[in-house]
Amino acid sequence: MRAQIAVYAVLAALALIAPFLGLYPVFLMKLLCFAIFACAFNLLLGFTKMLSFGHAAYFGGSAYITGWLVTAQGWGSIEAIIGGVLAAMLLGLVIGAIAVRRQGIYFAMITLALAQLVFFVCLQADFTGGENGLQGITRGSIFGWVGLGNDRTLYYFVLAVFVAVYALIRRIVNSPFGQVLKAIRANEPRCVSLGYKVDRYKLMAFVLSASLSGLAGSLKALVLGFATLSDVGQTNSGEVILMTLLGGSGTFLGPAIGAVVVVTLQEYLSEIVGAWVSVIIGAIFVVCVLIFRRGFVGEIHRRFAQRAA
Amino acid sequence: MTRNSTIVVLGALLGLYPASQARAAADQVVIGDIDDMSSVYADVIGQGGVEAINMAVGDFGGTVLGNKITVLSVDHQNKPDIGASKFREWADQNGLTAVLGGSNTGVSIAMSKVAAAKKVTFFAIGAGGASLTGADCTPYTIHYAYDTTALGNGTASAIIKQGGKTWFFVTADYAFGTQLQESATRVVLAGGGKVLGAVRAPLGTTDYSSFLLQAQASGAQVLGLANAGTDFSNSLKAANEFGITKTMQPAALLAFLTDIHALTLQTAQGLYLTTGWYWDLNDQTRAFAKRFYSKANRPPTMNQMAYYSATLQYLNAVKAVGTTDSDKVMAQLRKTRINDVFAKDGYIRADGLMVHTMYVMQVKSPKESKYPWDYYKVIKVMSGEEADGSQPDPTCPMIKK
Amino acid sequence: MTTLFGVPLPAILGQLMLGLVNGSFYALLSLGLAVIFGLLGVVNFAHGAFYMLGAFAAYIGLEFLGVNYWWALLLAPLSVGLLGIIIERLFLRQLYQVEPVYGLLLTFGIALIAEGVMRSLFGASGRSYPVPPLLQGGFNLGFMVLPIYRAWVILASVTVCCVTWFLIERTRLGSRLRAATENAKLVQAFGINVPLLVMCTYGAGVGLAALAGVLAAPVIQVSPLMGSSLVIVVFAVVVIGGMGSIVGAIAGGLVLGLVEGLTKVVYPEASNIVVFIIMAVVLIWRPAGLFGKEQ
Chain A
172 MRAQIAVYAV
182 LAALALIAPF
192 LGLYPVFLMK
202 LLCFAIFACA
212 FNLLLGFTKM
222 LSFGHAAYFG
232 GSAYITGWLV
242 TAQGWGSIEA
252 IIGGVLAAML
262 LGLVIGAIAV
272 RRQGIYFAMI
282 TLALAQLVFF
292 VCLQADFTGG
302 ENGLQGITRG
312 SIFGWVGLGN
322 DRTLYYFVLA
332 VFVAVYALIR
342 RIVNSPFGQV
352 LKAIRANEPR
362 CVSLGYKVDR
372 YKLMAFVLSA
382 SLSGLAGSLK
392 ALVLGFATLS
402 DVGQTNSGEV
412 ILMTLLGGSG
422 TFLGPAIGAV
432 VVVTLQEYLS
442 EIVGAWVSVI
452 IGAIFVVCVL
462 IFRRGFVGEI
472 HRRFAQRAA
Chain B
38 MTRNSTIVVL
48 GALLGLYPAS
58 QARAAADQVV
68 IGDIDDMSSV
78 YADVIGQGGV
88 EAINMAVGDF
98 GGTVLGNKIT
108 VLSVDHQNKP
118 DIGASKFREW
128 ADQNGLTAVL
138 GGSNTGVSIA
148 MSKVAAAKKV
158 TFFAIGAGGA
168 SLTGADCTPY
178 TIHYAYDTTA
188 LGNGTASAII
198 KQGGKTWFFV
208 TADYAFGTQL
218 QESATRVVLA
228 GGGKVLGAVR
238 APLGTTDYSS
248 FLLQAQASGA
258 QVLGLANAGT
268 DFSNSLKAAN
278 EFGITKTMQP
288 AALLAFLTDI
298 HALTLQTAQG
308 LYLTTGWYWD
318 LNDQTRAFAK
328 RFYSKANRPP
338 TMNQMAYYSA
348 TLQYLNAVKA
358 VGTTDSDKVM
368 AQLRKTRIND
378 VFAKDGYIRA
388 DGLMVHTMYV
398 MQVKSPKESK
408 YPWDYYKVIK
418 VMSGEEADGS
428 QPDPTCPMIK
438 K
Chain C
3 MTTLFGVPLP
13 AILGQLMLGL
23 VNGSFYALLS
33 LGLAVIFGLL
43 GVVNFAHGAF
53 YMLGAFAAYI
63 GLEFLGVNYW
73 WALLLAPLSV
83 GLLGIIIERL
93 FLRQLYQVEP
103 VYGLLLTFGI
113 ALIAEGVMRS
123 LFGASGRSYP
133 VPPLLQGGFN
143 LGFMVLPIYR
153 AWVILASVTV
163 CCVTWFLIER
173 TRLGSRLRAA
183 TENAKLVQAF
193 GINVPLLVMC
203 TYGAGVGLAA
213 LAGVLAAPVI
223 QVSPLMGSSL
233 VIVVFAVVVI
243 GGMGSIVGAI
253 AGGLVLGLVE
263 GLTKVVYPEA
273 SNIVVFIIMA
283 VVLIWRPAGL
293 FGKEQ
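Chains as they are written, first to last, in this note's numbering: chain A, 172 to 480; chain B, 38 to 438; chain C, 3 to 297.
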């Protein structure tokens, strides 16, 4: 327990002074957005054992809606973010309702196929700009109060959102609702026989996960100023799975760490090795699945537990 | 255990630190090349573009204002997010002073917005979309080599004059394709022709069979191919395969030397196309082509030549004003008359378009071609004004009415 | 000119013809996927990558080794199938005891590696592969010119599908396969080497994908990205047809090709997504798929 607090304290301190260390704030914000995305995804994979293979649909869909609300409808930033999250929630509800009827592999394939549908809709729709993407999303301000144009200010805003989301996920998992999810993960038939409406709980978890993924997408749209097809693409869906797996599914800090590692690798490796980045990422994926299924933080927890025993 | 994991995390974060400290000195020229190095448009500029920039920097002397000239390059893979992000990062972190590139109109539009926000001179080369000097114009964008307006005025006019009155378009589904289709349509309608229909194919489509069948079903005389690069070669090859070229005349609205080379003269002969430059025009162009050939094993395309020319013009402008400040450099460039291996009587218009002589070419038949890469014959020389109009684009917000 | 839905009949027939060609590819790919899923319970995400590798094997064979198209039809599936066998033996086998999702993730990772390697070596744009001289030219069908090569694709795919179906449903080897699907332990108790059977089945399924790749090479440009968007459509087809059902996969593939062709005439913008819409409908109405058995 003390160890955990110490770790959090150090990370918090680092996060707060990071912009002053000369690190590029836009890159840091990108890390935070993907950390939120991975943590949201983990709610589904780690705590409910549902592998959604199309989570980019909510991330990207929300990014597009937020971008559209800011550019075409002239909404304020916070309102646009909320709009994006609502859109992701709705999308999660529709897709979840269809997918939750099946389990395991089928569930994964259905989420994949429906996410691909979202991708093609985004490709064709006028407001998304298709291949060109939605450009020129201005950062606006917090209800007209604090301007978000400055990189540093926006960084602290995004950091605050990350901390809030993290705390929220911890709260959800440790709540009675979360206990039921854990029970479903452990033995679904038993839960059904105990009288729980399992499908409803799963759908609820799905929608929560989708909404928070949407939040990550909306933030990303504001930080980088655009929303493109890469955000809703299959590659993005695959990467969030890797981030979660690598960091440790079923842990809290794991997905965030995984996100930091993967995004950093992509950013800096691609300058050195160019197209071989995807080979390296694929190799890490394979290694993870074969022998590193617990991920970084998962392994650390296990070592800890062994020591304590 | 806690201490170890903390140290690991600390180490990782600090590891990011040196990677971000590549700031440049003031008045140091940092030229960025953000282009498609591996995909649909890679052959047209790609690595050859980097080569061209390096040749220009070398010819200029390697230093300006007392500092060495740095050249950075990255592959944007036709993704607007990569192009815009890298542009922004280099501007924030590496002291970027000028960017050449784009190729893809969608990516170039995204990049031009960053150029305006960060005040970096941006030579949009390779991208065709006329909106770069229209609705999407910025004070820092120079649309250098050619644009969709010139292509329409050149190629479409030539075909209309030949009698090709009814058109059907197969269009690449993004900014470039749609703008090219618009430009050609204007010319067709002005010439008394009709557009019987159009179909949009995603960028990078390889199987055009179903789109071409639709074209054939329309009964139009002309097959307007509003696409480029491998999209263009694939659609033309499929048109041949399905016997469509027997009943419709293909119009290559944008084709580069490398496309014709890939298609071979056998397939491409007789095509009309418009270009801003060709290696075999005169002794000057041939001399440069020979130099380029020795490095790249092929003569330069129009865009690669434009890269060389733009780099030199930029460096000369920086030298003339004594600073890398983009506002001053842009003002200097706008005053300059551009007369080099690339352009004759070129000048930068108020909306950012570099207006210069354009050429309507026809692809030679295998019999007419006498030596390697002897592919074009000049049909018409268009002055800049004829190709692009003398007035700046009224849709550009910079132009005061 | 006669019209149907307000569209001229020749146009419809033309698109249906092209749809049949695409459907043949879908059928061949779905077949391989269904075979692998039926026996191994593994959803082979790498199926698209093997399809791409098959096409590249043909391309490399032609460009660098002088292997012509007809030899490639045989050698590419064999070599890529061999690669599949190696992957099964070394990697997949370790995951049978763990939840099936990990098998899916592993094959996803393998697909990433395969595509990444090919992209680094060959770039992202397509390489062209010529139509073999014997199959050049076209049939003039009146409503369109059908290139002979495309007719060949339909013929070859349908033949291979039928042969595979026959092998699985009507021969002793096939019956052992089907038995092993239902109860591997019992079949092993009878003395049949089930791991060997599983390994060879994976290799065969992968080989089918590679064969589809060789057939596709002259039609679509050979590109490292050719498999990734296709594999999701194939998944959807297999779900529609019923996971593990051979007939469902073949019929589903052909029908989808035709439906896509029709959609291109009537409502072109939806042609990319029509398969997913059908899949969603089938899942709601008949979750096991059209020919599938309820698990």
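Hints listed in this document are in silico derivations from the structure and should not be mistaken for laboratory results. In this text the structure is predicted, and so the values were computed from the model without any measurement. The reader is advised that the hints may include incorrect statements.
[Stated by the list, open to error] Residues from chain A that face chain B, not an exhaustive set, calculated with beta carbons under 8 Å:
1. 247
2. 306
3. 309
4. 399
[Said to hold, decoys possible] Covered by chain A, per the in silico footprint, the following chain B stretches (three or more residues, Cβ under 8 Å):
5. 118 to 125
6. 201 to 212
7. 394 to 404
[Stated by the list, open to error] Restraint ranges, calculated between C-beta atoms of paired labels, are given here:
8. B/199 - C/139: 24 to 30 Å
9. B/303 - C/164: 35 to 41 Å
10. B/403 - C/98: 55 to 61 Å
11. C/141 - B/303: 18 to 24 Å
By construction, the Cβ of each residue, glycine as well, lies at the ideal position given by its N, Cα and C atoms.
Violated hints - listed by number, lowest first: 1, 3, 7
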